[in-house]
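From just these sequences and the hints, can you work out the full model?
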Amino acid sequence: MNTFLLVAATVLMVVIIIPLVRVWKGPTVFDRLLGANAMATKTIVLIAMIGYFYDRIGMFIDITLAYAALGFISSLALAKYMTAEAHPEENDD
Amino acid sequence: MIELSVTEWISVVLIVLGIGFMAIGSIGVIRLPDFYSRTHAASKTDTLGILLVIVGLMVLEGFTINMGKLSFVLLFVALANPIGSHALARAAMDSGLKPLLFRKGELDGSTTQSSTASARSKDKEAGSASKNPRSEDLS
Chain A
1 MNTFLLVAAT VLMVVIIIPL VRVWKGPTVF DRLLGANAMA TKTIVLIAMI GYFYDRIGMF
61 IDITLAYAAL GFISSLALAK YMTAEAHPEE NDD
Chain B
1 MIELSVTEWI SVVLIVLGIG FMAIGSIGVI RLPDFYSRTH AASKTDTLGI LLVIVGLMVL
61 EGFTINMGKL SFVLLFVALA NPIGSHALAR AAMDSGLKPL LFRKGELDGS TTQSSTASAR
121 SKDKEAGSAS KNPRSEDLS
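Here the protein sequences come in this chain order: A and B. Numbered per the numbering used here, the first sequence finishes at 93, counting up by one with no gaps. Numbered per the numbering used here, the second sequence finishes at 139, counting up by one with no gaps.
Calculated from the structure, these hints are not laboratory results. Warning: the hint list may mix true and false statements.
Some chain B residues near chain A, calculated using beta-carbon distances under 10 Å [what the hints assert, rightly or not]:
hint, residue
1, Ser11
2, Thr47
3, Lys69
In this text, all values refer to a predicted model and were calculated from it rather than measured experimentally. Even for Gly, the Cβ is constructed at its ideal location relative to N, Cα and C.
The following block contains the structure:
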């Protein structure tokens, strides 16, 4: 079972690397944000799998929750920032 | 690999399915032609793939306290990932990024060029006339 998780985590690392192409050559800034968001959400699963290798799944799930919250808040903040950049006159509230 | 128990086999199937969905989502982020269609690939398949893999890890873990913490991760991902993708798509729409409505060969049928289409041949004019109401609805 540990061998299977090792192979699965290796395949998952390759899958995480793939949207980096979209971050690199995205035509707009939203494509880059979308690729970075896709990489961040997949990394949650990778961290949870690494916890099984070290047999300390409790500690790594806390890291996973913190990482998920951080990625979600940064994604929302960047989306709000891009909207405010496009319409600076509506930014009164 | 043969002497796995039943719960481990269920976990293996769930993890393989989840990684497959995430691989499809990653390929879609690269291959699709538009930002809004890439948002489909990045949000839906990623959410389903992450949920499947985390359910597989929960099955592997059994009834412990860590299963409860993994269920918190499950709930958070199921809520946060669609909200983040929706916020990103709405920010792109508010900042004026147009969706790709036609492929490159179909751009002849736009409303501004339809008055000058009389100089073209018959079949191309018929093709542009069939495209016209759709482009007026979307503009």
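Each hint tested on the structure:
Interface restraint check for serine 11/B: the shortest CB-CB distance to chain A comes to about 8 Å, inside 10 Å, so the restraint holds. The criterion of a C-beta within 10 Å of any C-beta in chain A is met by threonine 47/B, whose closest approach is roughly 8 Å, and the hint holds. The criterion of a C-beta within 10 Å of any C-beta in chain A is met by lysine 69/B, whose closest approach is roughly 4 Å, and the hint holds.
In summary, the structure agrees with every hint in the numbered list given earlier.
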